[in-house]
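Student: As you go down the protein sequences, you meet chains E and G in turn. Counting from 1, one number per residue, gives the positions in the first sequence under UniProt numbering. Counting from 1, one number per residue, gives the positions in the second sequence under UniProt numbering.
Simulated from the structure, these hints should not be mistaken for lab results. Don't take each hint at face value.
Claimed, not checked - Some chain E residues well away from chain G (every beta-carbon gap over 12 Å; in silico): (1) Ser-196; (2) Val-215; (3) Phe-221.
To be verified - DEER-style ranges, computed between Cβ atoms: (4) G:Glu-255 - E:Ile-101: 21 to 29 Å; (5) E:Ile-124 - G:Lys-80: 58 to 66 Å; (6) E:Phe-221 - G:Pro-86: 15 to 23 Å; (7) G:Ala-197 - E:Leu-106: 37 to 45 Å.
Beta carbons: idealized from backbone N, C-alpha and C, even for Gly.
Chain by chain, the residues:
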Amino acid sequence: MPDQLLFAMEVTLNGLMAGVMYALVALGFVLIYKASGIFNYAQGVLALFAALTLVGIQQGQVPFAHLINAMTGMHVSHFGWTVPSILAIILTAGVMVGLAIVIEKLVLKHLVNQAPIILFMATIGLAYFLEGFGDVMWGADIKKLDVGLPQGISETVESVTDSLFGYGFFIDNLDIVATVVAVLLVTALTLFSQYSKQGRALRAVADDHQAALSVGISLRFIWILVWSIAGFVALVAGIMWGSKSGVQFSLSLIALKALPVLMLGGFTSIPGAIVGGLIIGVGEKLFEFTIGPMIGGATENWFAYVLALIFLVFRPQGLFGEKIIERV
Amino acid sequence: MNDMSDGYITADGRQIGGVLMELKNITLKFGGVTAISDISFDIRQGEIRAIIGPNGAGKSSMLNVISGFYIPTEGEVWFKGYKRGPMRPYEIAGLGIARTFQNIALFDGMSVLDNIMTGRLTLMKSGLLSQAMWWGGASKEEDAHREKVEKIIDFLEIQPIRKTPVGRLPYGLKKRVELARALAAEPKILLLDEPMAGMNVEEKEDMCRFILDVNDEFGTTTVLIEHDMGVVMDLSDRVVVMDYGRKIGDGPPDEVRNNQDVIDAYLGVAHD
Numbered sequence: 001m002p003d004q005l006l007f008a009m010e011v012t013l014n015g016l017m018a019g020v021m022y023a024l025v026a027l028g029f030v031l032i033y034k035a036s037g038i039f040n041y042a043q044g045v046l047a048l049f050a051a052l053t054l055v056g057i058q059q060g061q062v063p064f065a066h067l068i069n070a071m072t073g074m075h076v077s078h079f080g081w082t083v084p085s086i087l088a089i090i091l092t093a094g095v096m097v098g099l100a101i102v103i104e105k106l107v108l109k110h111l112v113n114q115a116p117i118i119l120f121m122a123t124i125g126l127a128y129f130l131e132g133f134g135d136v137m138w139g140a141d142i143k144k145l146d147v148g149l150p151q152g153i154s155e156t157v158e159s160v161t162d163s164l165f166g167y168g169f170f171i172d173n174l175d176i177v178a179t180v181v182a183v184l185l186v187t188a189l190t191l192f193s194q195y196s197k198q199g200r201a202l203r204a205v206a207d208d209h210q211a212a213l214s215v216g217i218s219l220r221f222i223w224i225l226v227w228s229i230a231g232f233v234a235l236v237a238g239i240m241w242g243s244k245s246g247v248q249f250s251l252s253l254i255a256l257k258a259l260p261v262l263m264l265g266g267f268t269s270i271p272g273a274i275v276g277g278l279i280i281g282v283g284e285k286l287f288e289f290t291i292g293p294m295i296g297g298a299t300e301n302w303f304a305y306v307l308a309l310i311f312l313v314f315r316p317q318g319l320f321g322e323k324i325i326e327r328v
Numbered sequence: 001m002n003d004m005s006d007g008y009i010t011a012d013g014r015q016i017g018g019v020l021m022e023l024k025n026i027t028l029k030f031g032g033v034t035a036i037s038d039i040s041f042d043i044r045q046g047e048i049r050a051i052i053g054p055n056g057a058g059k060s061s062m063l064n065v066i067s068g069f070y071i072p073t074e075g076e077v078w079f080k081g082y083k084r085g086p087m088r089p090y091e092i093a094g095l096g097i098a099r100t101f102q103n104i105a106l107f108d109g110m111s112v113l114d115n116i117m118t119g120r121l122t123l124m125k126s127g128l129l130s131q132a133m134w135w136g137g138a139s140k141e142e143d144a145h146r147e148k149v150e151k152i153i154d155f156l157e158i159q160p161i162r163k164t165p166v167g168r169l170p171y172g173l174k175k176r177v178e179l180a181r182a183l184a185a186e187p188k189i190l191l192l193d194e195p196m197a198g199m200n201v202e203e204k205e206d207m208c209r210f211i212l213d214v215n216d217e218f219g220t221t222t223v224l225i226e227h228d229m230g231v232v233m234d235l236s237d238r239v240v241v242m243d244y245g246r247k248i249g250d251g252p253p254d255e256v257r258n259n260q261d262v263i264d265a266y267l268g269v270a271h272d
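For reference, chain E alone in the conformation it holds in the complex (with noise of 0.2 Å):
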């Protein structure tokens, strides 16, 4: 095979990869859109704040320790242990848990009937709150994340792609982990929804509350139930990401790159945010190889945006978003 179509090939795949990664972050997005009709800005926030309490637990940090110091003079920063990482994970999704029924308290039981916009800006208003606090209770430095997962460079793959072609692809191990972990979330998640009363419940929230509640729904606990699910979702992307690139403030933007792949995989469909994530990180990365090049490169920051746009021209509702249908 000639070299320029391998290399063509380890692109696409670590393409691939790279869109699972988005599309872990898109999922919590859909999930939150299609039980409250909400476009909860703060999910990427909430993957650093996941993020941050995993590194924190897992490395004896004292919360709050700034605060702390400046208000008592002392100089307490770890508790001096460590806790193992599967423990670690757990206590965070318990917090995730917590966070979500604070928010539902303090935030949305408020906001019940009034329009999308408000509920958007709360989000917004809860985005900036949440990454002040995860600095404050956390501290503002990277974080290394380390929960055990495979760094570097597959030797497996390298070699059976060498003996296959006679050229190794370089396909990072921790991509791997992210591809295995987001099919089973999903799988987990897919099942979740369609077999469990909770699923059908949440469904069913989602497409009519007043009819939702004449069954009996109570729709604050669906709203709890869908932010603890979409927290535990942003746990998972704040471990990928966080493992990948360290844990730091600019996690919080990924949430930005979770945008163009929900228009293009539409607002309302897990299956849509994990093809628009695959479609976003394979074109991205083959423009910047084959086009990028010509035009002094750096596409991958514009490129996701500008296929999103022009989806939006053809196929507003996304690829497998609810067709737009206005009767008159």
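Put chain G on the given structure of chain E with help from the hints.
Tutor: Just chain G now, kept in the frame of chain E:
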């Protein structure tokens, strides 16, 4: 009417039981507008109770008070001998009060089967974790509920559309699916808000038959609102007549039909 404390026998020979729900001096105001003013009536075990009246008489408001979507400004709702406190609509659904809506409130994106299954949510016991993990009882429980739902589907003759997304169904069938969902909850009281509105004659006859069959088969206490006087007179055992938020008549169809206030309200007499 005191002799009815232990029920009564209907014109077609059905035994009606004691008082299941009692509405005492219900008043409902929206700002300065009084939708319902000081209305009292009762609903008895096993009967088909109709609420009729011209447009804007407050019928739907009354139904919303019973199902908890509105909280009355004044007055009390007694259910099964206990005074009902302020409750949210979903809690009232949990008590066994199921309803349909005038403008149909179904889950359009879900299949007919899934829609009807949501009706059984209040009857499902297994918790969140076992549901999520698909532990032990959860799957068996799902099967048992599924069986009940299939029975209702058979009963209402909607087998051919079981898997169809509700959004694609014609109006008449949607109404029937909504009835099925309400029935799936095995309600103590079934509230039907204009079950026949917008239907053609054939669909109306079908719906009439189903309401009677449901009452006959399951003994379901039914409260319905309807515009079509003919339908109401045929279906119901006792009728409450409302006009301008007040009660102007209450009794068996024949009695109500000859009530001068009712005739005036329907035929329109100059109020002076």
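Student: All the hints need checking, so say for each whether the structure fits it.
Tutor: Hints, one by one, checked against the model:
The Cβ of Ser-196 of chain E sits about 4 Å from the closest Cβ of chain G, inside the 12 Å cut-off, so the non-interface label is violated. Distance to chain G contradicts Val-215 of chain E as a non-interface residue, since its nearest Cβ pair spans about 5 Å, not more than 12 Å. For Phe-221 of chain E, the requirement that its beta carbon stay farther than 12 Å from each beta carbon of chain G is not met, with the minimum near 9 Å. Between Glu-255 of chain G and Ile-101 of chain E the beta carbons are some 55 Å apart, a value that contradicts the proposed interval 21 to 29 Å.
Taking the beta carbon of each, Ile-124 of chain E and Lys-80 of chain G are about 48 Å apart, not inside 58 to 66 Å as hinted. Separation of Phe-221 of chain E from Pro-86 of chain G is about 19 Å and conforms to the stated range, judged on CB atoms against 15 to 23 Å. At about 42 Å, the beta-carbon gap between Ala-197 of chain G and Leu-106 of chain E stays in the expected band of 37 to 45 Å.
Of the numbered hints given earlier, the model fails hints 1, 2, 3, 4, 5; all others are met.
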